[in-house]
Amino acid sequence: MKKRQKKNGGSPMDPLRQSPSRSSSRASSPRTLPCEMLGYVGIEAVLDQLKIKAMKMGFEFNIMVVGQSGLGKSTMVNTLFKSKMWKSTMPGLGVPTPQTLQLQSVTHVIEESGVKLKLTVTDTPGFGDQINNDKCWDPILGYINEQYEHYLQEEILITRQRHIPDTRVHCCVYFVPPTGHWLRPLDIEFLQRLCRTVNVVPVIARADSLTIEEREAFRHRIQENLKTHGIEVYPQKCFDEDINDKILNSKIRDFEYSSLCYTERIPFAVVGADREHIVNGRCVLGRKTKWGIIEVENMAHCEFPLLRDLLIRSHLQDLKDITHNVHYENYRIFRLNESHVLPRGPGWVNLAPAPASVPAPAGPQANPSPPKVGGWAKDNSDEEC
Amino acid sequence: MDKEYVGFAALPNQLHRKSVKKGFDFTLMVAGESGLGKSTLINSLFLTNLYEDRQVPEARARLTQTLTIERRGVEIEEGGVKVKLTLVDTPGFGDSVDCSGCWLPVVRFIEEQFEQYLRDESGLNRKNIQDSRVHCCLYFISPFGRGLRPLDVAFLRAVHEKVNIIPVIGKADALMPKETQALKQKIREQLQEEEINIYQFPDCDSDEDEDFKRQDAEMKESIPFAVVGSCEVVRDGGTRPVRGRCYSWGTVEVENPHHCDFLNLRRMLVQTHLQDLKEVTHDLLYEGYRARCLQSLARPGARDRASRSKLSRQSATEIPLPMLPLADTEKLIREKDEELRRMQEMLEKMQAQMQQNQAQGEQSDAL
Chain U
1 MKKRQKKNGG SPMDPLRQSP SRSSSRASSP RTLPCEMLGY VGIEAVLDQL KIKAMKMGFE
61 FNIMVVGQSG LGKSTMVNTL FKSKMWKSTM PGLGVPTPQT LQLQSVTHVI EESGVKLKLT
121 VTDTPGFGDQ INNDKCWDPI LGYINEQYEH YLQEEILITR QRHIPDTRVH CCVYFVPPTG
181 HWLRPLDIEF LQRLCRTVNV VPVIARADSL TIEEREAFRH RIQENLKTHG IEVYPQKCFD
241 EDINDKILNS KIRDFEYSSL CYTERIPFAV VGADREHIVN GRCVLGRKTK WGIIEVENMA
301 HCEFPLLRDL LIRSHLQDLK DITHNVHYEN YRIFRLNESH VLPRGPGWVN LAPAPASVPA
361 PAGPQANPSP PKVGGWAKDN SDEEC
Chain B
1 MDKEYVGFAA LPNQLHRKSV KKGFDFTLMV AGESGLGKST LINSLFLTNL YEDRQVPEAR
61 ARLTQTLTIE RRGVEIEEGG VKVKLTLVDT PGFGDSVDCS GCWLPVVRFI EEQFEQYLRD
121 ESGLNRKNIQ DSRVHCCLYF ISPFGRGLRP LDVAFLRAVH EKVNIIPVIG KADALMPKET
181 QALKQKIREQ LQEEEINIYQ FPDCDSDEDE DFKRQDAEMK ESIPFAVVGS CEVVRDGGTR
241 PVRGRCYSWG TVEVENPHHC DFLNLRRMLV QTHLQDLKEV THDLLYEGYR ARCLQSLARP
301 GARDRASRSK LSRQSATEIP LPMLPLADTE KLIREKDEEL RRMQEMLEKM QAQMQQNQAQ
361 GEQSDAL
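These protein sequences, in sequence, are chains U and B. Anchor point for the first sequence: position 352 equals 352 in my numbering, and the numbering is continuous, going up by one each time. Anchor point for the second sequence: position 102 equals 102 in my numbering, and the numbering is continuous, going up by one each time.
The shape of chain B in the complex, shown without the other chains:
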């Protein structure tokens, strides 16, 4: 073998083997008013029938129902890679006559997952931490509205700093091409106006090939994705069978990029950015939660220590605390504060002394 060949180029393969063995887990939340095609889309995305035994409750039952959070899990395997997918559903969202505060159970749920993870991470046995944090939230916007409705804005503002949001226009086959463009434009403007941070796709590296860059740019342009879901296979005019919806005036093909953005969404969510969503959840959103949480436990005077910017990655490292269960952390913080103050005082004394010595030295020099 060559002397220059060290061999760590095979590291990615090792990583690949390890992760295939370990498997992936991913938690996806779907939210939005009922009747926007959420369940159908999920079934189409993962080609499973997650909602097989589903019963949509009629309005009488819904009148008294409050928002519930449902979790469904499924294991999907493809090419030897196992993905444990957890789906979080929010039936009852936006259904009642008075929807004030109907997003609060969702916010609480997301924070509970963070809290659980924080506890696990600070605990003693860290071998098998179950990651139940919500990695991504697909928010369905109605194609019939004129952009975001007040309820949409309220929900997005409540969760945008806690979970990756991907806005999606459901039932997009109700719109003509021009209407789709106008609606997307309006939604983008509204998101900017209301300062809602949706999930930002990372820019692709400059050394990627042109084709990839073009695809990437196209994908970014088409946010929010206008999707159509279907699990039924229809015969497209006697030629090849495609998944789609059959109307008397034509057939919508789900996987046709001219008809809807389903392919883009699937590519982005499953094929290219699954890992990135998890990383952003862990590095940015979870750390932000952790910083806020620990900050609120600390003494009010200590607020000037950690910076207030919640989403900056530095804030996590500025709190020099060992990870202990939350009950003891407060005591530790107090002790460390005391130490810091003593050290500061000492420093000041030393500085004052040095200045005095300097001044005396100058005087003696001058004389």
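Isolated chain U, as found in the complex:
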């Protein structure tokens, strides 16, 4: 996947940070003027070549689902990928929730129209279920940093593999319980810590217990909460590279729905289901209650299609890119600074000395009260200079 990174260019934000080895196409070249084409050359065939290469190699995607038990995480994963990744259990059945948080990963290769996707889903049963949930996010942070560490170790070898297996978590879907009030203290603590290490997509889980008005009010309050606490969830505003991205992402952030006023859409209110029912002659995935059938793919019922489009149809590659270019790079800088491997050059960022244990988030970002979150590397240089 490194070839695709080079095509998109290196780290997009910080002009001060010159990392000559990363991006070959962007940093050093002056503005090149487009020149007039006198005939058909056939450059556009490079897209096809890329496509063929990509299809041969296949794609990898690692997703993590976090939330209290019973919020429909396993069902959601099954619904997203239309396959039985996990056995979703009814309440009352299945194994009891574990006493401590345990992470479980499952990998499947799914194929569609010749495109192979190696999908790894990491579940976190036991999150937030205990009486005392203090520091229940530590195992999760530890796991994410561990994956970055594995990648880093592979990358700094002298003879590297041609394609380093990518186990880094590309996206973390956080399930917020549908209380209808505000984000809970546990949600805030977790989101603050994780949005600096990984792409976080919060969703309102089990949204079939909220009416449309309640959902809007809840969503509004959650957005206020996120702003107040400086939590930047995916898609992060600061990473919009150009005007097209801005438009596309603002469609997700500020979505104009049914010609009413602008309503911001994140977090999506989702419902998951893996049973099929017949509605008006069509076979749909849904939940059947005594007062109606909730169709999962119906935009009037829930926003599952938006989540699916975000995660799979439009932003899958972007999630991977941001993980590689931003989150992984931050981790790498932190680690290399810590072990003093990086030479002190113009791009050297002086981070605060790290605590003894290795898998720790980058220095100044470990504090839960963030002064500003947008613009990662730029922030660091501001603070230390």
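Some clues are possibly wrong.
Calculated from the model, a selection of chain B residues having no Cβ within reach of chain U, i.e. all distances over 10 Å [what the hints assert, rightly or not]:
(1) I76
(2) E78
(3) G79
(4) S122
(5) N128
(6) R146
(7) R149
(8) K171
(9) R240
(10) C246
(11) W249
(12) T251
(13) R266
(14) R334
(15) M346
(16) Q353
Only pairs whose alpha carbons sit at most 27 Å apart, straight line, appear in this in silico BS3-like list of lysine-lysine [unchecked claim]:
(17) B:K18 x B:K127
(18) B:K127 x B:K82
(19) B:K127 x U:K290
(20) U:K290 x B:K178
(21) U:K82 x B:K21
Just so you know, these hints were derived from the structure itself, not from any lab. All residues carry an ideal CB built from backbone N, CA and C; glycine is no exception.
Based on the hints, put chain B in the right spot on chain U.
Then chain B, alone, in the frame of chain U:
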């Protein structure tokens, strides 16, 4: 008039008139995590807007907030009967990251009410005792969990011998019918495993009619009640207006027994068992508290006198003490103990003497 007709068949009417005049008071506590529909349900149950000026604090405020106990009172009148309803709310329960011991303020509150009543009852002026004891606790269980969570179990274990508990599954419109059944089954099993005593409905008399018995059995089967609350009236497909929640895939009717157990809960709590809840609180739970309290004041040696079973109705009558303010009770207990011991000694002496006399008598007979 007939000579055989005495006339005390009219006694229930007299009672009825007296209680209507006196009015009822009832204290209901609601507990559970926030966001489970507690306030909406209370408003629906009593058709009042008890939570009108309510502001749910956002998380920043909640980070430092500890559990508070709030009391709201309202007088409801229906058919000439006045009910003074006091609602005890526990905002902040289960909200923080670390909820260890968050049930302790609730336990303390319940015991304080008992203590207050004990003091009033032992006092001199007993005419106007205000009964602020908690008669019933509606505990809300989340429909999204797989049964009772560790916090639920901890809370229930802490209060089950101090208050009547009625477990309720809030926001039950999030569940499909099979899920509701499975969840109820799981909760019942867990309650049994953890030996939590919830409020037991008294069995109906055998001479009640079949319909009533069937209703009663149905009601017992549906514990914990899966409820949905709403105060909004929606037009059900253009026909009659019902209270419910309007979704884009259908409308949940609050008072439809096929949709949720709201009717059962209301019938049980308000229509049939209000008085029984009060009686159980007074006869069983309060007496148990009183026995424990007085026992702990007594000398350690006197423990063999009163039986240890806290909830047995006999234990209250076994302590033959006049009701005095708590400070003097200890002295009285000591005096009575002394007396008892002296009497026991005397008895033993007398028994020994009798045995001696008997033995002598036998000897003299034999001779």
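Checked hints:
At the 10 Å boundary, the C-beta of B:I76 stays outside the reach of chain U, the nearest C-beta of that chain being 27 Å off. The claim that B:E78 lies off the interface holds: its Cβ sits roughly 30 Å from the closest Cβ of chain U, which is beyond the 10 Å cut-off. Non-interface status of B:G79 relative to chain U is upheld: no Cβ of that chain comes within 10 Å, the nearest being about 32 Å off. The Cβ of B:S122 lies farther than 10 Å from every Cβ of chain U, with a closest approach of about 38 Å, so its non-interface assignment holds.
With a closest Cβ-Cβ approach of about 40 Å to chain U, B:N128 is found to remain outside the 10 Å limit, as its non-interface label requires. Residue placement check: B:R146 does not keep its beta carbon more than 10 Å from all beta carbons of chain U (closest about 5 Å). The claim that B:R149 lies off the interface is violated: its Cβ sits roughly 6 Å from the closest Cβ of chain U, which falls inside the 10 Å cut-off. Under the 10 Å C-beta cut-off, the non-interface status given to B:K171 relative to chain U is violated; the minimum distance is some 5 Å.
Every beta carbon of chain U lies more than 10 Å from that of B:R240, the smallest distance being close to 16 Å; the non-interface claim holds. At roughly 6 Å, the least C-beta separation between B:C246 and chain U is not larger than 10 Å, which violates its mark as non-interface. A beta-carbon of chain U is positioned within 10 Å of the beta-carbon of B:W249; the least distance is around 4 Å. Not every Cβ of chain U is farther than 10 Å from the Cβ of B:T251; the closest lies at roughly 6 Å, contradicting the non-interface assignment.
With a closest Cβ-Cβ approach of about 19 Å to chain U, B:R266 is found to remain outside the 10 Å limit, as its non-interface label requires. No beta-carbon of chain U is positioned within 10 Å of the beta-carbon of B:R334; the least distance is around 43 Å. Every CB of chain U lies more than 10 Å from the CB of B:M346, the least distance being 57 Å, so the non-interface label holds. Non-interface call for B:Q353 relative to chain U: holds, since the shortest CB-CB distance, roughly 64 Å, exceeds 10 Å.
Restraint check: the Cα-Cα separation between B:K18 and B:K127 comes to about 16 Å, which is no more than 27 Å; the hinted pair holds. Using a Cα cut-off of 27 Å, the hinted pair B:K127 and B:K82 holds, with the two alpha carbons roughly 20 Å apart. Between B:K127 and U:K290 the alpha-carbon distance is near 53 Å, which puts this suggested pair outside the 27 Å criterion. Taken as a hint, the U:K290 and B:K178 pair is honoured in the structure, with Cα atoms around 11 Å apart against an allowance of 27 Å.
Taking the CA atoms of U:K82 and B:K21, the gap is near 66 Å; set against the 27 Å cutoff, the hint is violated.
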